[in-house]
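Trainee: If you're matching them up, the sequences are chains A and B in order.
Heads up: the first sequence begins at 5 in my numbering, then just goes up one per residue.
Heads up: the second sequence begins at 8 in my numbering, then just goes up one per residue.
Take the hints with a grain of salt, since some may be wrong.
As the list claims (entries may be wrong) - Derived pair list, reagent style DSSO-like, types lysine-lysine, alpha-carbon separation capped at 30 Å:
id, chain 1, residue 1, chain 2, residue 2
1, A, LYS329, B, LYS132
2, A, LYS33, B, LYS127
3, B, LYS152, B, LYS175
4, B, LYS73, A, LYS7
5, A, LYS397, A, LYS222
If you're looking for bench data, these hints aren't it; they were derived computationally from the structure.
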Amino acid sequence: MDKKQIKNILSGLYKIDSGLARYENDLIKIINKLLKNKPEVRIDENFIQRLRSELMESAPKSQEKKFLNINFNFMQKLFYAFGGAAVTAAVILLLINFLPVRPEEPINLALPGKHGNEKIPFTSGEIKKLSANAFGNLLETGSASNLASGAGFGSVSKPASEISSVAPQAGMAKGLGGGGMARTQSGVGGDTAIMPYPEPVAYKYVYKGKGINLESDKMEIYKKNNSAIFNGSIPGLNTKLIDLSKFSGTALRSFNIWQDEKLGYEIYVDIENGLISVNNNSKGWYDYSVVCQTEECAEQSRLKPSDIPNDEELIAIANKFIKEKNIDISQYGQPRVEDYWKREYEAMADKSNAYIPDTMSLIYPLLLNGEEVKDLGGNDYGLRVNVNIRFDKVANLYGLGAYNLDSSEYSIVTSEEKILKMAEMGGYGYWYGYGDMKVVEVELGEPVLGYASYMRWKDGKNEELFIPSLVFPIMSQPEGLYYRKNIVVPLVEEFFNQDLNQPTPEPMPLIQKEGTSEPSQGAAGGTGVGAVEVQQ
Amino acid sequence: MEKDIVKAIANCQRGRKDDFAVIYDVFVKKIYKFIYYKTGHTEITEDLTAEAFKKALGAIDKFDIKTNFSAWLYTIARNLVTDYYRRKKDDLNIEDVWGISSGEDLSVDSDNRKKIEEVKKYLSKLSPEHREIVVLRIWEGLSYKEIAEALGKSEESCKMMFSRVIGKLRNEMPAHLFIIFLIKIAAAGIRRIN
Chain A
5 MDKKQIKNIL SGLYKIDSGL ARYENDLIKI INKLLKNKPE VRIDENFIQR
55 LRSELMESAP KSQEKKFLNI NFNFMQKLFY AFGGAAVTAA VILLLINFLP
105 VRPEEPINLA LPGKHGNEKI PFTSGEIKKL SANAFGNLLE TGSASNLASG
155 AGFGSVSKPA SEISSVAPQA GMAKGLGGGG MARTQSGVGG DTAIMPYPEP
205 VAYKYVYKGK GINLESDKME IYKKNNSAIF NGSIPGLNTK LIDLSKFSGT
255 ALRSFNIWQD EKLGYEIYVD IENGLISVNN NSKGWYDYSV VCQTEECAEQ
305 SRLKPSDIPN DEELIAIANK FIKEKNIDIS QYGQPRVEDY WKREYEAMAD
355 KSNAYIPDTM SLIYPLLLNG EEVKDLGGND YGLRVNVNIR FDKVANLYGL
405 GAYNLDSSEY SIVTSEEKIL KMAEMGGYGY WYGYGDMKVV EVELGEPVLG
455 YASYMRWKDG KNEELFIPSL VFPIMSQPEG LYYRKNIVVP LVEEFFNQDL
505 NQPTPEPMPL IQKEGTSEPS QGAAGGTGVG AVEVQQ
Chain B
8 MEKDIVKAIA NCQRGRKDDF AVIYDVFVKK IYKFIYYKTG HTEITEDLTA
58 EAFKKALGAI DKFDIKTNFS AWLYTIARNL VTDYYRRKKD DLNIEDVWGI
108 SSGEDLSVDS DNRKKIEEVK KYLSKLSPEH REIVVLRIWE GLSYKEIAEA
158 LGKSEESCKM MFSRVIGKLR NEMPAHLFII FLIKIAAAGI RRIN
């Protein structure tokens with residue numbers, strides 16, 4: 005083993021995290037193990053020279069002129085995969101109905117970028133570093149819609165108002181992947197099924213682990229960069245009805261394509277935001293609850309827990325679809341099946357009439373620097389795939405994005421006290437006040453440094469930023485319908501400038517009706533789900 | 008980016024493709040090793056290295072000279088390896104040889120097979136990105152600056168990622184050593200009985 009090399013690696017490590025010095029013996033073992041088992045690489049010099057000659061002799065290939073001049077690297081494969089016939093038919097239809105006034109000019113739907121007519125591929129993975137604080141004040145036009153929502157497209161995270169209290173008979177909140185309302189008797193008194201107003205609860209998040217020690221007081225924030233895609237014109241496209249080329253500076257912002265067949269798909273391409281979604285085309289994807297007219301029919305079509313494929317089967321269905329359609333998921337991590345419906349189901353006292361959803365939701369988490377991205381509510385964020393288990397087919401896919409990013413360094417908060425205070429409240433934008441509310445302590449696990457997706461409205465458009473954050477996992481789920489998995493504390497200073505001591509809005513008072521055994525909801529009672537964490 | 012490389016790229020973009028040789032000479036062995044550490048197989052590495060440089064030559068006209076060429080080239084190489092394994096295996100989650108389970112067909116050079124198996128249990132648990140950082144830092148001995156150049160990240164990010172990954176490996180390893188310790192005790196006990 006090369007002692008000097010090990011020493012060099014260790015000294016570099018200790019500069020980053022001095023705490024690692026405590027484990028020097030273990031680290032030496034790890035590095036020794038890796039060095040000892042380093043595969044030997046033998047490079048054949050003949051191969052190197054041969055390849056060099058071959059490259060020098062070859063001429064660069066010229067690019068073919070394409071009729072439909074939109075060059076998205078993975079998009080073209082998507083078109084072919086979804087039935088070139090359907091797309092071709094759509095294009096022909098377009099041409100028949102919108103014949104060019106001057107046919108000698110090409111119909112060019114090219115999206116010229118900043119380099120003139122050069123087409124910008126719809127690919128991902130580029131990071132461009134900008135100067136410090138290049139994105140300005142992050143909260144300048146921030147809004148409450150950021151909370152627990154994360155993405156501007158395809159976001160499926162749950163707002164805090166859906167987090168219920170401990171009432172076991174409360175109706176189920178609509179979960180991800182199609183969880184529906186329970187057909188259970190949740191009503192009380194009288195002959196109207198009124199959900200009992202659950203006791204409001206405040207959650208206090210408590211961390212008792214090792215000290216939080218952030219070495220650096222500056223970190224990179226990333227901003228999704230769509231500017232290269234949306235900057236062009238549509239020259240030469242004239243129609244009998246209107247000459248579009250007379251509108252200077254126009255560009256194609258989005259389009260749909262659609263399969264006209266049973267169990268087919270509709271694909272929406274949002275060029276402006278660099279996002280693509282695939283949805284079922286509704287033909288044949290019927291909802292039994294809509295089709296059935298009798299209770300007997302509904303009963304027969306109702307799903308049981310045993311009808312749900314296991315996670316491996318669901319992942320295999322999703323992966324097969326992704327592979328068939330040549331979808332690029334290189335920026336996403338390992339898929340997992342979401343279990344909101346299961347938690348709701350388990351929380352029900354009477355499961356006999358429980359509704360089992362016919363679509364199961366999977367998440368392929370977006371990765372940034374090897375870490376999973378969350379939304380500010382702590383929910384998983386990334387590519388979502390819904391599998392319809394009646395047909396064992398993917399019904400929806402959304403959150404597929406071209407992630408090219410700008411990065412800029414910002415100051416971060418390193419004070420453990422401040423970080424834990426925000427964590428205690430439930431993260432950015434959450435606060436609680438005890439008052440008369442029941443307080444339930446929720447234990448947090450050791451945080452991981454990751455990123456949170458944050459949407460900002462600026463200059464008339466949405467911008468997506470990825471904020472370095474500490475992600476505290478929730479170690480034990482409180483009783484009742486509680487959905488949060490993580491508490492996310494964004495580390496950038498601006499997020500800590502909110503008033504952390506705002507009073508909690510009081511829950512709506514109950515109005516006791518005469519003759520009923522339980523209180524009914526008040527005038528503005530909302531959904532019947534207790535507001536236990538209040539969003540800003 | 009080194010001035011020679013910038014100049015070579017600019018010349019290529021002006022039509023002087025011979026200057027691609029400058030780029031090739033600087034990067035070929037780095038890319039070769041990068042791919043080898045992901046495949047463990049000489050022939051596959053040679054094929055993918057050749058393809059990487061052919062692609063780079065074919066696309067050099069479109070390369071934005073203001074961006075990071077090293078990261079671009081490494082990305083081409085990485086994507087080729089990923090595509091290779093996704094064609095080879097139905098399981099989409101395999102991006103390199105570290106994702107293949109032990110016992111499955113492992114097309115690696117026989118003299119490196121044992122070494123790869125020894126460290127697979129640790130490296131396979133890391134994300135591909137974390138694995139790359141470990142390989143580049145420990146096996147290739149690159150500085151954080153060089154790693155940042157190769158991966159298109161900031162030096163600070165690379166440092167933090169590496170320290171986190173080493174911390175994670177440290178947590179994994181003691182359990183493994185403990186199990187080996189137990190096995191050794193059990194084996195010693197059986198020998199005493201016999």
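Trainee: Does each hint fit the structure? Answer for all of them.
Mentor: How the hints compare with the structure:
Our distance criterion of 30 Å between C-alpha atoms is met by LYS329(A) and LYS132(B), whose separation comes to about 28 Å. Distance check on the hinted pair: LYS33(A) and LYS127(B) sit about 16 Å apart at the alpha-carbon level, within 30 Å; holds. Restraint check for LYS152(B) and LYS175(B): satisfied, since their Cα atoms lie roughly 22 Å apart, inside the 30 Å limit. Between LYS73(B) and LYS7(A) the alpha-carbon distance is near 39 Å, which puts this suggested pair outside the 30 Å criterion.
Taken as a hint, the LYS397(A) and LYS222(A) pair is broken in the structure, with Cα atoms around 45 Å apart against an allowance of 30 Å.
Checked against the numbered hints above, the structure violates hints 4, 5; every other hint is satisfied.
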